[in-house]
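Participant: Each chain, letter by letter, is given below.
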Amino acid sequence: MSGTEGYNFAYLDEQTKRMIRRAILKAVAVPGYQVPFASREMPLPYGWGTGGIQVTASVLGADDTLKVIDQGADDTTNAVSIRRFFARTAGVATTTRTAEATVIQTRHRVPETPLTGDQILVYQVPIPEPLRWLEPREAETRALHALGDYGVMQVELYEDIAIHGKIKRSYDYPVEVADRYMMSPSPIPKFDNPKLSDCPALQLFGAGREKRIYAIPPHTPVRSLDFEDHPFDIDHPGTPCALCGDTESFLDEIVTDDKGGRMFVCSDTDHCAERQAEAGHDA
Amino acid sequence: MYVAVKGGEAAIDAAHDWLAEERRGDPAIPEVTPDQIAEQLGLAVDRVMAEASLYDRDLAALALKQAQGDVIEAVFLLRAYRTTLPRFGASMPVDTAAMRIDRRISATFKDLPGGQVLGPTYDYTHRLLDFALAADGEAPEAPTAEPLDPAMPRVLDLLADEGLMERETPPADESGPVPDLTREPLTYPAGRPLRLQGLARGDEGFVLSLGYSTQRGYGRNHPFAGEIRQGAVSVEVDVPELGFAVDIGDLVVTECQSVNQFKGDAERPAQFTRGYGLVFGRGERKAMAMALVDRALRAEELGEAIQGPAQDEEFVLSHADNVEASGFVQHLKLPHYVDFQAELQLVRALRAARRDENREAAE
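Quick mapping for you: the protein sequence lines, in order, are chains Z and H.
Position one of the first sequence corresponds to residue 1 (the working numbering), numbered consecutively onward.
Position one of the second sequence corresponds to residue 284 (the working numbering), numbered consecutively onward.
Just so you know, the hints here were simulated from the structure itself, not pulled from any lab data.
Be careful, since some hints might not be right.
Reference listing, derived: stretches of chain Z covered by chain H, where coverage requires no fewer than 3 residues with Cβ under 8 Å from a Cβ of chain H [claimed, not checked]:
hint	segment
1	69 to 82
2	87 to 96
3	114 to 126
4	178 to 189
5	193 to 207
6	220 to 232
7	247 to 259
Ranges of calculated distance between the beta carbons of each label pair, as one might list FRET restraints [unchecked claim]:
hint	chain 1	residue 1	chain 2	residue 2	range
8	Z	L147	H	H505	39 to 45 Å
9	Z	V255	H	Q590	48 to 54 Å
10	H	V522	Z	G117	48 to 54 Å
11	Z	D160	H	R638	18 to 24 Å
12	H	A434	Z	R132	26 to 32 Å
Partial pick of chain H residues on the chain Z-facing surface, computed with a CB cut under 7 Å [said to hold, decoys possible]:
hint	residue
13	D296
14	E305
15	E356
16	T408
17	G459
18	K616
19	P618
20	Q624
21	Q628
We treat Cβ as the ideally placed atom computed from N, Cα and C, and that holds for glycine.
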């Protein structure tokens, strides 16, 4: 696509946006429930963020400031590509600073910087159904959600503990939203799960290929599934970020040579850069 | 010292420039035009139109050029264009009995009203490379036959008149809205209209292999190619202001109706049942495969044992779309650093725990 002549603001036509906004409203009204929507083909491939892109296109206004991250970083190729898509089709301002953004589209991470009530976080979701690996049939899983019958997941998590001593899920760790629906938080590391609960920002989840939208409204309780005697906990490598020294952020492992050399740096590049700038300023 | 990777933007621009250069190939060779593709690679254009669900030869040819002949990429380009188009309404059902026939064959009757019409088919060519095509040369002129018999009844209608073939059950409300899987999310059970839509735009290779699997025992249903017809049909739209339907143009389509056995059950005597395939253009392989899979998917309705994937509606419809499949398979190229990091930590922790256990056991 060399130009955008003949395309509407933010690519999608207004009828499609209205259809998606209706699905979003329903999703907000029933937190954690997967609302089917008539997902469109987008000019980017399925599995590369088409759900998130459609949600973003439907909530974006001309005065919004958009940030797009993939793996926590603004400069990964797919984040660059999606940010450019909206810069080109909507002409909106873009930023890499979490605090400046009004809409943040993300793949696989929740920003380290706490979000505010003026922001919307849009997640790209590959498989929206948390029960999918336990029950492949959509007709069946929808019935299980309707009945609130989540026994298969409880058994699955229990078996992990019985066999491995701990729950063997490090990302896409299932949660329960507002004491009702079981929900996939998308493949964020479980390290990020606590950030979902009581978050002041609206969190929207878009799955394009699977044609589902779901939401966590602001300040909604979100509980990572666990057992009384095996409470949910998060792992941290225990080393500080080699660039900014943060001991509490999620770290990427960088292989520095072929002799086992490793270093750990913040996955959230904006968070890391801000901390480095502050440290430079202080010094 | 490690510096966080930057430069994704410049890399993407450079990759796109390189791609454009690759697409053009050697500039000493004349550039292919969409017109040439539309005229001379017509079957590829047909397939792109069918799987993109958009009947536009020029745009399909352009998509093929832009995609360097990668059919699925071309389908994707055309779909991403189609999805932005406004929807004015639904046409009247096309009448394939009134098709202007280029080809019409039946494997169930040696001769029949209207006759067998072979048309421009590869069926009986010997697949020997024709080196004359590599050299310049004029195509031989095809002989012209007498005009075809205008009465070309559909074979399955002939069987139905005798009561041997099930009647198609029309929808309860024929004036009701036509379901459209490109405008509404697919839910299961989907029902036959949506199944047929899904199959019509499904990947030819996938539908072909599923149809083939039914012939090899995975949901067998004894098919005969009752009739295959190919040609132009008129598309009519009912304009409420006018009070009558208006012909808005022609489509070339291929229709296949299979004839399948049905043993009968307590309520129904033995009779033949049908599988239906209809695709844009001259997609005969696809239309036949579609008819096999359509019939296989009717297993539940006909009380047949469900033994193969081709009989499983959710399996078939969830995986037939090549734009969805291509995107999701290839998304594995995207970075997964964060998930993999989380997995690394987990595996290391599990291995450390095992080591501690073994040490304790040894002590």
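Participant: Each hint: holds or not?
Facilitator: Hint check:
| no. | hint | in the structure |
| --- | --- | --- |
| 1 | 69 to 82 | holds (count 11) |
| 2 | 87 to 96 | violated (count 0) |
| 3 | 114 to 126 | violated (count 1) |
| 4 | 178 to 189 | holds (count 3) |
| 5 | 193 to 207 | violated (count 0) |
| 6 | 220 to 232 | violated (count 0) |
| 7 | 247 to 259 | holds (count 6) |
| 8 | L147(Z) x H505(H): 39 to 45 Å | holds, 40 Å |
| 9 | V255(Z) x Q590(H): 48 to 54 Å | holds, 49 Å |
| 10 | V522(H) x G117(Z): 48 to 54 Å | holds, 50 Å |
| 11 | D160(Z) x R638(H): 18 to 24 Å | holds, 19 Å |
| 12 | A434(H) x R132(Z): 26 to 32 Å | violated, 53 Å |
| 13 | D296 | violated, 10 Å |
| 14 | E305 | violated, 17 Å |
| 15 | E356 | violated, 10 Å |
| 16 | T408 | violated, 36 Å |
| 17 | G459 | violated, 18 Å |
| 18 | K616 | violated, 9 Å |
| 19 | P618 | holds, 5 Å |
| 20 | Q624 | holds, 6 Å |
| 21 | Q628 | holds, 5 Å |
In summary, the structure is inconsistent with hints 2, 3, 5, 6, 12, 13, 14, 15, 16, 17 and 18 from the numbered list given earlier, while agreeing with the others.
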